[in-house]
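These are the residues of each chain, in order.
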Amino acid sequence: MITGASSGLGAEFARQLAARRTDLVLVARDTEALEALAAALAEEFSVDVEVLTADLLVQRELDQVVRRLTDPERPVDMLVNNAGFGLPLEFARNDIEDEVRHLDLLVEVPMRLTHAALTPMIARGRGYIVNVASVAGFIPRSTYGACKGWIISFSRWANGRYAARGVTVTAVCPGFTHTNFHERMGLLPGEEGVASWMWLDAPQVVAEALRDVARGRAVSIPSLRYKAMVALSRLAPPGLVTRAGSRGRR
Amino acid sequence: MARTALITGASSGLGAEFARQLAARGTALVLVSSEESALEEMASELAGRFGVEVEGIIADLLVEQELGVVVRRLTDSRRPIDMLVNSAGFGQHLRFERNDIDDEVRHLHLLVEVPMRLTHAALGPMLQRGGGRIVNIASVAGFIPFSTYGACKAWLISFSAWANSRYSARGVTVTAVCPGFTHTRFHERMGLPEREIGLPGWLWLHAPDVVAAGLRDIARGKALSVPTWRYKAAVVLSRILPARIIATVGARKP
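Residue numbers (this note's numbering), protein chains in the order written: chain A, 763 to 1012; chain B, 85 to 338.
Just chain B, with the same shape it has in the complex (with noise of 0.2 Å):
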């Protein structure tokens, strides 16, 4: 689908499993992350398996000079990127009155700021060439107001699907894959560990399954790309049920 995909957070969740989905259909990568170790073992078991091209960037996305990197390695006219998977991202307490402000900050520039100026870099050359894939990673709790890790998936489902419309007649498509409860990393990392927030087996997906079906809209150019028929439903009942019963279900735990 694309000779050459960039991916952010690419050393672990669906970052890496999209750098592995996409390196066995033979895509060269360029793989994102702040973690070297994990990165370099990474870029090596991938080129080593299916023998494609795998360039890694050791680069702190909310260090400007770091990502100064990755945008003059998106927009060089010598080396065309033709995928941009926006994925790196971390998660926040809910109890936003008493989260650090400076941390809600980065978590909104990592959410919001750096995928808007990774889009508009990506945009410029991809335009000219007439094709290219954004992706940008939100979630269904775009769909349901959850403190501020909510809002900013919101941010990224509204501007993919206006993007997407503005731009697929050009060529560049741009999809927001919003997976539901997925096990990877994530909540382990936000100190939250799966078992501890109490949901039933049936509503935890598998990061391969999510990147399967992510992979499946974003070669047909889906603005939107919601993994499994469960959370399918439950995004359409969240645009029909009064908007009071949705915003408790968003307020209750973790």
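Isolated chain A, as found in the complex (with noise of 0.2 Å):
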């Protein structure tokens, strides 16, 4: 199962997943977007893909997908929290609802998935969860970055406590990634003030985070260049850090 899985990060895990042979469960708002992408990769991997309408700040919706996802009769075994979006940075200014909405998506609707996955898969004695996160993680960037450290924060110790047990939780940790993140936010292609070299590719972001998946991996951090940014981030004084995390217009 798959959320925020009719665009960017989110529509290639099901790209890559669906070409390995996994069965889908893609859950988005965007019923039209979801319904190409399940009949495109159902016709060319031949892949069972099953499409759920929801918007997960909706209650009664997002309860049809912890309904899904805790059906005994059709078992879930990998749950995907990808659903997500970004604010401006300017947090004073921005409305304080949009920033509770915010949080909402990216900390309590992948804690409460996980926390209904978790049940089923440890009574089975398998299963993988896999966080999107991002390397902002590891640098504080606004309310989007302490998101995201939570996100981190919490795979790992979730990672530690039940792999025991056979199920994994792994954050996924792109950095800047071709998607239409930033253009959702307003930002046109090219104008997001960061250095082409610190761009990644959705499919080579999605392909390393499957391996670190695999691999029981609590944190994946796709790409050389990010991963000896985030080990930088962990030794260079805490102020310059954060000074780094000020810049771009993300």
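Simulated from the structure, these hints should not be mistaken for lab results. Glycine residues also receive a C-beta, built at the ideal position from the N, C-alpha and C atoms. Keep in mind that a hint or two might mislead.
What the hints assert, rightly or not - Derived CB-CB ranges, DEER-like:
1) B:G135 x A:D860: 35 to 45 Å
2) A:D860 x B:R323: 28 to 38 Å
3) A:T793 x B:G215: 49 to 59 Å
4) B:G215 x A:V992: 33 to 43 Å
5) B:L321 x A:R888: 26 to 36 Å
6) B:G208 x A:R888: 46 to 56 Å
Dock chain one against chain two, each of which comes alone in its own frame, and use the hints as you go.
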């Protein structure tokens, strides 16, 4: 099951998993985009693809996703918490209700879905939980970095706690990746204020992530350049790292 | 340091100790707590002993209307608040998979959403006046994966670091205070008496020391305050040691 499956990294996870003959449950708000993707994947890779239209911030619709996740008749082996969005960096001027929705989608929803998925996965002694975080979780960057920091911290703990019972939890931490994430924030391609060598491609990010998921890693940081940056961020003085996080327009 | 401070979770633990030490320095207080009798007792004790003005707001911060009362007090332009101390919190059992998910959501709301909302409310007037202190009580658990509690504290530490660098040039500092194990009622309220935690005595801190060190770092405008050298060293180690080893520390008891 993949949330936020109709675009970006979610769609790429769907494609690469389908190519490995994984049946899919795709969750997103955009029924049309979901159905187009489902039809394309079902045809190309002959896998079963279910479509579940849901706005994860609407309790009733989230409950439907929880029910599907815990349906004993149709077990889900892998949960990919990918749905998300970004807000402008200027916290003080953002609408606080937008900030709360951002927190709910980036933290509360994956926490609820992970909680729902864990019990049946532990009972079966097998399962993969994948939380799409960001390298921003290592570098203070407004509430976005804080939420991704939550997910990374929780994934590390949960992987340590549940791996022995067959369930692994992996936080995937991409750097800047070519998807429609920045465009949805109103930043046009080429105007994000990010050097070209810092951009990653979604297929490369997901391929590396799936390798780390298969190995049961708690944290996956695709590409050597971002691995090196995160390692540096741990050794460099915190003040310097914070200043670096204030750069770029994202 | 501040003329008026608003403290959440003020009737016990570190919140109460912040109230005491700020009152001793002549800071007027707005104490917020859901425990009515404890709050009243503290307010009259501090007002009597230190001769400062002490206001009490009885509020459950997880009830929207009651949180609204605190937000309105925080943004009242006739009675400005110079310092906000986000101290209200509680702990959750480590067995995440067996915890009631609604308890986990309440825990997330009190530890993250409430301080985020109060910080947002306080920032507007503080930036306008060009001065203010925001204090988030986090924990060294924010550096060591430790179920949802550690994750929420990591949120606060990350956000405080960013917000301090963003707003300090405009006069508003944001500090995450990260105590280690401290003698308060925190563990007992979780159903975990201190003697059952099984830690050596030298690892336990006293609330007055934590708050005194915290107030020093707040006055200096630091983004992060880790009271005592032994916990400072632990935090440095947590950044240098391989993540795998750190995760096993958090996975241990309680």
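Exercise for the section: Using the beta carbons of L321 (chain B) and R888 (chain A), state whether their distance is inside 26 to 36 Å or not. Expected result: holds, 34 Å
Handout entry: Distance restraint hint 28 to 38 Å, applied to the beta-carbon atoms of D860 (chain A) and R323 (chain B)
Key = holds, 32 Å
Problem - Distance restraint evaluation - G208 (chain B), R888 (chain A), Cβ atoms, bounds 46 to 56 Å - result: holds, 50 Å
Practice task
Kindly confirm whether 33 to 43 Å is satisfied by the beta carbon distance between G215 (chain B) and V992 (chain A).
Solution key: holds, 35 Å
Exercise for the section: Given the range 49 to 59 Å, decide if the beta-carbon distance of T793 (chain A) to G215 (chain B) lies inside it. Expected result: For T793 (chain A) and G215 (chain B) the Cβ distance comes to about 51 Å; the hint holds.
Exercise for the section: Could you tell me whether the CB distance from G135 (chain B) to D860 (chain A) stays inside 35 to 45 Å? Expected result: holds, 43 Å
Every hint, counting from the list given before, is met by this structure.
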